[in-house]
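Undergrad: What follows is the residue order along each chain.
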Amino acid sequence: DAKTTQPTSMDCAEGRAANLPCNHSTISGNEYVYWYRQIHSQGPQYIIHGLKNNETNEMASLIITEDRKSSTLILPHATLRDTAVYYCIVRLFGGSQGNLIFGKGTKLSVKP
Amino acid sequence: GAVVSQHPSRVICKSGTSVKIECRSLDFQATTMFWYRQFPKQSLMLMATSNEGSKATYEQGVEKDKFLINHASLTLSTLTVTSAHPEDSSFYICSARSGLTKNIQYFGAGTRLSVL
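First to last, the protein sequences are chains W and B. Heads up: the first sequence at position 54 corresponds to 54 in our numbering, and the numbers run straight through without jumps. Heads up: the second sequence at position 7 corresponds to 7 in our numbering, and the numbers run straight through without jumps.
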């Protein structure tokens with residue numbers, strides 16, 4: 001699975017959009033981009049995933065660049081409960097192979 | 001999303017005893033289950049992968065005789081930490097997926113193990 005690079009930490013004001021970047025320059029054509037988050041002392045929570053088109057769900061939006069070498073997770077209106085470590089992971093989709101390998105992620109702190 | 005239940009959420013045991021952690025997929029049948037370990041201020045580290053009815057595949061450096069994994073049904077996997085020692089104290093997290101979850105991995109809430 002391709003490796004990802006994320007900033008170590010970010011701050012965001014409550015109510016504003018949080019934009020979390022991720023670089024995955026070695027991503028292969030059949031690898032998807034997944035985003036998870038881990039709130040302190042809990043298991044990771046699935047947020048969203050995508051291949052090459054932008055994706056949106058009730059939690060967030062995922063913007064993937066045309067060359068697929070980077071992506072941005074957008075939390076449109078961050079709340080204090082969004083404070084967590086956010087992980088960007090690339091892996092194959094749909095197959096029995098490919099586990100989620102977690103990097104260090106980005107620690108997002110949402111401040112009042 | 002799919003629900004993965006993990007029990008117990010916290011366990012404290014004496015050195016030398018064995019501890020069993022259960023992981024259940026509540027609303028789907030999980031063809032594959034995973035066990036991760038997380039030390040303080042570190043990221044999750046994959047320990048092993050198990051498919052129902054098959055022996056688990058352990059990651060390099062994980063002792064299979066110490067961390068016994070049983071995936072006896074499509075909804076239940078167990079991790080037994082045998083002869084636990086203080087250095088085994090950690091946060092253990094299970095995960096499950098299947099074609100029914102579009103191969104998205106869902107995670108349990110984790111088990112905090114403290115070995116005295």
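These aren't lab readings, by the way, just hints derived from the structure by calculation. Ideal Cβ placement from N, Cα and C applies to all residues, glycine included. There's no promise every hint is true.
To be verified - With a straight-line Cα cutoff of 27 angstroms, these simulated BS3-like cross-link-like pairs (lysine-lysine) come out:
no., chain 1, residue 1, chain 2, residue 2
1, W, Lys69, W, Lys111
2, W, Lys3, B, Lys41
3, B, Lys14, W, Lys104
4, W, Lys3, B, Lys14
5, B, Lys41, B, Lys102
6, W, Lys111, B, Lys102
7, B, Lys102, B, Lys66
Claimed, not checked - Distance ranges between label pairs, derived from CB positions:
no., chain 1, residue 1, chain 2, residue 2, range
8, W, Ser41, B, Glu87, 13 to 23 angstroms
9, W, Pro76, B, Ser83, 31 to 41 angstroms
10, W, Ala13, B, Ser83, 48 to 58 angstroms
Undergrad: Can you name, in rising order, the numbers of the hints this structure does not satisfy?
TA: Going through the list in order, the structure violates hints 1, 3, 4, 5, 6, 7 and 9 and respects the others.
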